[in-house]
Structures are given as structure tokens and as C-alpha cells.
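Residues per chain, in single letters:
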Amino acid sequence: MTTPIPLLSLRGIGKSYGPVVAVREVDLDIFPGEVVAICGDNGAGKSSLIKVVSGAEEPSAGSISMRGKPVSFASPHDALDHGVATIYQDLALAPRLSIAQNVFMGSELTRPFLLPFLRVLDKKRMIAESQRYLSQLSAAVTDMTRPVERLSGGQRQAVAISRALRWNAEVIIMDEPTAALGVKESALVLELIRKLKSDGRTVILISHNMRDVVALADRVVIMGAGRKYVDQPLGDLSADDLAHMIMAGNAKAA
Amino acid sequence: MGRIDMREVIGRYGTAIAGLAMIVFFLIFAPNFASTMNIINVLKDTSFLAILALGFALAFTVAELDLSIAEVASLAAVVCGWMVHAQYPPGVAVAAAFGVGIVLGSFNGYGVTVLRIPSLIMTLGTAAIAKGLAFMITQGVAFVGRWPVGFTSLARGYTFGVPNLVLWMAGATLFAWGLVKWTRTGAHMVATGEADEAARLAGIATTRMKRIGLLLAGVFAGGMAMLLAANLSSAAPNMAGDYLLYAIAAVLLGMTMFEPGKPNIPGTVFAALVLKVLGNGLVLLGAPYYIQDIVLGVIIIGSVAFSASAMKKAAFKV
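Note that the protein sequences, when read in sequence, are chains A and B.
In this text, residue positions in the first sequence follow the working numbering: the first is 1, and each later residue adds one.
In this text, residue positions in the second sequence follow the working numbering: the first is 255, and each later residue adds one.
One chain only, chain A, in its complex shape (with noise of 0.2 Å):
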């Protein structure tokens, strides 16, 4: 299913906030159409690292390539023009604003009004699309003008993914997809992941929960104290086994 170039390639990452170092040297291929997880405990450095790759901090060591090709990402946006998107369990949506305005966030249709160089909102098409991204996730939301507070933490999620997919991002980043969700819920955004999958997007899954990891990933990225310990297949290894590996790496770490 890889191939040898990978999609995107991290080579010496670091991160240090201050005198606290979050990253050390960390070097990651994510090849496309897979699924990596990336686990550890708090403050393993795995939200610092996954911010270095969204954009949203900049490194300071190391060097990020797309495809071979070198790139920097100074801002969110610069990500997002390459083709990686992060979602971000709380900060992603605007609570009171529509799904539509959610899903078109920063990327808004526009459509020619009256004079040659005004472009208005295109509403319509926004409502349209945004409806196509949701069904295409299955997620069981019909209006949308309906503000985003109104809907379960399951479809905001769907919402968010919406907006990745509208950015036609290649690369999705899920930071803790889960950790606020029911039981059913956690299961619909289980399901929305391996709709991507499906889809030949790229994912990388950051979670705490070990069950959410087996059930997903190819791959298995292990963290703790700023460094990546453990980089394998998941072959046919249990959530167990996977805390047991996160807590002995914690105990090298110590």
C-alpha cells in the first residue's frame, strides 16, 4: 500500500518553549493513504509537535517536506495551502455561527454581483455544499443554518471534517477526535475516520484512547518526553500492549 516517497516528512523537529523543551529531534514519514496514530502520555510532546505540523508554531529546529519537496509552514493557512488540515477538538468551530459558516470558515464562495470587481457571499452554494460534505460523512444533519452549539459533539466533529474536506486537505490531523464523546458518539467519529480512509486521505490520529488507535491506525507513533520512541506497524498488537509500551517508555524517559 506505500510507497517509498513519502507524503509528508519531518527531519529533526524540534520545540522548545523557553527553557522547557517539548520536541527533540524527532523525524516522521507519513506515507499516503495511512493512518498514523500518535500516542503518549500528557505532555509527551505530541500536541507540540502536531502544532509545528499544522502551522500554527513554528519549529525551532528541524525541517518539514511535502513529497520530497521542502516546505515551511509560518502560518495555519500555509498548511492548509499544502494540504494539511488539523482539527483541533475544542478550538475548531465557532459555537454560534452556522454549520455553513463553520464548514466555509476562511474559505468562503463567493459569486460576481452587480459590478465587475465585487464579489458577494454565495450563500446558496455554501448551504448546498456543506449539505453534500455532511452527507458524504453520513452525518444525519439536514439544516444548515443551524448554529453549531445546537449540534452533538459527534456532528461537530462531522462539521469540522467538513471543513478539512472542503479544504481538500490531503493530510488530516485529529487532535483527541474522541475525548469529550459518548460511547455512540466516539463510534460515529470512528466511522467518519475510516470514511476518510476509504477516501485515500491521509490521517494522523492523536489519541489517549487506545481502543480508538487498534480500531484505526496502520501505524503506531510512541512518545514521551519530547522524543519518538516507538514507530511501527500496528500489526496485530492490543490496546494493552500499546499502554505497556507507552508506560515503559516512560519509565526511560525518567
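It should be emphasised that the hints constitute simulated quantities derived from the structure, not laboratory data.
Do not rely on the hints blindly, as some may be mistaken.
To be verified - Each computed DSS-like pair below joins lysine-lysine, with the alpha-carbon atoms no more than 25 Å apart:
#	chain 1	residue 1	chain 2	residue 2
1	A	195	A	184
2	B	435	A	123
3	A	69	A	197
4	A	197	A	184
5	A	124	B	385
Claimed, not checked - To give an idea of the interface, some chain A residues facing chain B are shown, with a C-beta separation under 7 Å as derived from the structure:
#	residue
6	76
7	83
8	92
9	93
10	96
11	97
12	105
13	108
14	230
15	234
Claimed, not checked - Chain A residues, not near chain B, derived (Cβ > 10 Å throughout):
#	residue
16	9
17	12
18	67
19	101
20	165
21	184
Just so you know, even glycine gets a beta-carbon here, dropped at the ideal spot from N, CA and C.
Could you slot chain B onto chain A? The hints should help.
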């Protein structure tokens, strides 16, 4: 489907209906309120307030408070009057008024986004500076005199039977509404105000949006100042000071209607009308002038208390 949810209607239009009822009440019961002359006066008076309040609403759309608008307007009026007195053509005076708004609006934007000063503090500082400059230019007295009609008719004239002031208000309203509701920039401003971090992560240039919001507050203050000076043929260093609380009240009262909890353009303009009708109607009914201030305070507090908690959070996120 098809059924009207009464709670939804009251939540959305309750205060607007109450305002409308109040206008009807004055039309029937306040002596002389319904005369053409008085109604035109109320509408003219509303224009100044609405234009200034729209600027405040646009800054509030990006979740910034601009408390400098009234002093910026006073300074802009003074600079504008200065130009008229120095015999410059009306176009120069108008440009000068807008120029003051642009410079101080940008200064606020710079302070908030680059120096990272909360807008509450930044704009209070700007207000003090503007006030000082206005007194410096006038040496404490007003520019009064026989001003060219070419300038004063900007506010006092009529076009096709409609007072120019009302047309300025309509233009400002249309511009603000079109911007917020129908342009990408407006959508980005709304997203920035609603969820700063989410907007930034969605690739929106949020600091630029904050600067645009504060810039527009300055521009609208400049426009209002130009009209105020043209209407009175004079420019005094404290002439717009009283408008600050009214403008804030208009925006907050406006946030209780049409799109509850969000600063919105139709709400702001309608609330400006309601406030001016209320002031005028109370005077005509013989209420002492200080009643207006008390009512204004009650409206400011009541509007925020009445609205959802989301709005309180927004109002105090400085």
C-alpha cells in the same frame, strides 16, 4: 415545519416590537411628536448616533471595544472646522475629518494587535489623546462662523426631498450591512469576533480583521464628525462627547434584537432610532432632561442583563 415558535419570535424580535410600540405610543400621546418637522428632526438626530454606533458595532464585531469614538469624532470635527475656517475647499475639510478617523482608528488597531494592549485600555488612551489635541487646536474655543453652503449642505441639504443626513445614515448602514453579511472580509471579521482562535486556525488573518474593525470605527467617527460640524456650522472640542454612551447603548440594545447576542447592523440602527425617539418623546411629554440619562443607564444595563450569557462573555472579553 411551518410552525412559528413564539419563544423564538420573542427572543429575536421582542425588544424590537417593544421599541416599535414605544414609537407608536409617542406618535399618539406625545404632543407635536407626530409633526413632520419633529419627525425630520428626530431622524436627523438619529443619523449622527446611528453612524457613530455603526462604527462601534463593527469594532465590536471583531470583539474589540472602541471607547475612543466620541473623542475621535470631536477631534475630527475640530480639524474639519479648522480647514473650513482656513478657507480650504469643502472637499479638503471632509477629507481631513475622515483622515483623523483613519489615523486614530489605525492607531487603535496598532495598539491592540501589535502592542497587544486590550482595546478597552488602548481606546481610552486614544480618547484622552484626541481630547487633548482637540483642545490644543481650538485653544478651548469653538470654530464658529459663516460656513460655505457647499460644506454645510452636506448635512443640512435635501436630495430628492430626503434630508442628506438620512441619506448618509442609509449609506453607512448599507455599507456596514453589506460588508458584514455579504463579503468575505465581513465573514472573516465575524469569525474573528466569534472565535478568534478557531478563525486563526482556519487560516483567517485575525489580526488584520481586528485592525479593520477598529479602523472602520474611526472612519465612521470621522464621517459622523464631518456631518455634525456641517449641521451646526461650528466645531467645538467636546461636541461629540455625549454620544459615546448613546452609541454603546444603541449597539447593546441592538444586540437584543434580530440576531440576539451578536452585534448586528439592523439592530444597531433601529436601537439608535428607538433611543432618539425616547429622548425626544420624553422631552415632549414634559419629563425633565436628566430622566434621559437615567433611562439610558437602565437600557445599557438592561440590554446586557436581558441577553444570553454568551453576550455577557463577549461584552467583557477585553
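A quick look at each hint next to the structure:
no. : hint           : verdict
1   : A:195 to A:184 : 17 Å, holds
2   : B:435 to A:123 : 10 Å, holds
3   : A:69 to A:197  : 24 Å, holds
4   : A:197 to A:184 : 20 Å, holds
5   : A:124 to B:385 : 47 Å, violated
6   : 76             : 5 Å, holds
7   : 83             : 12 Å, violated
8   : 92             : 6 Å, holds
9   : 93             : 6 Å, holds
10  : 96             : 6 Å, holds
11  : 97             : 6 Å, holds
12  : 105            : 4 Å, holds
13  : 108            : 5 Å, holds
14  : 230            : 29 Å, violated
15  : 234            : 29 Å, violated
16  : 9              : 23 Å, holds
17  : 12             : 25 Å, holds
18  : 67             : 21 Å, holds
19  : 101            : 7 Å, violated
20  : 165            : 13 Å, holds
21  : 184            : 25 Å, holds
Checked against the numbered hints above, the structure breaks hints 5, 7, 14, 15 and 19 and satisfies the rest.
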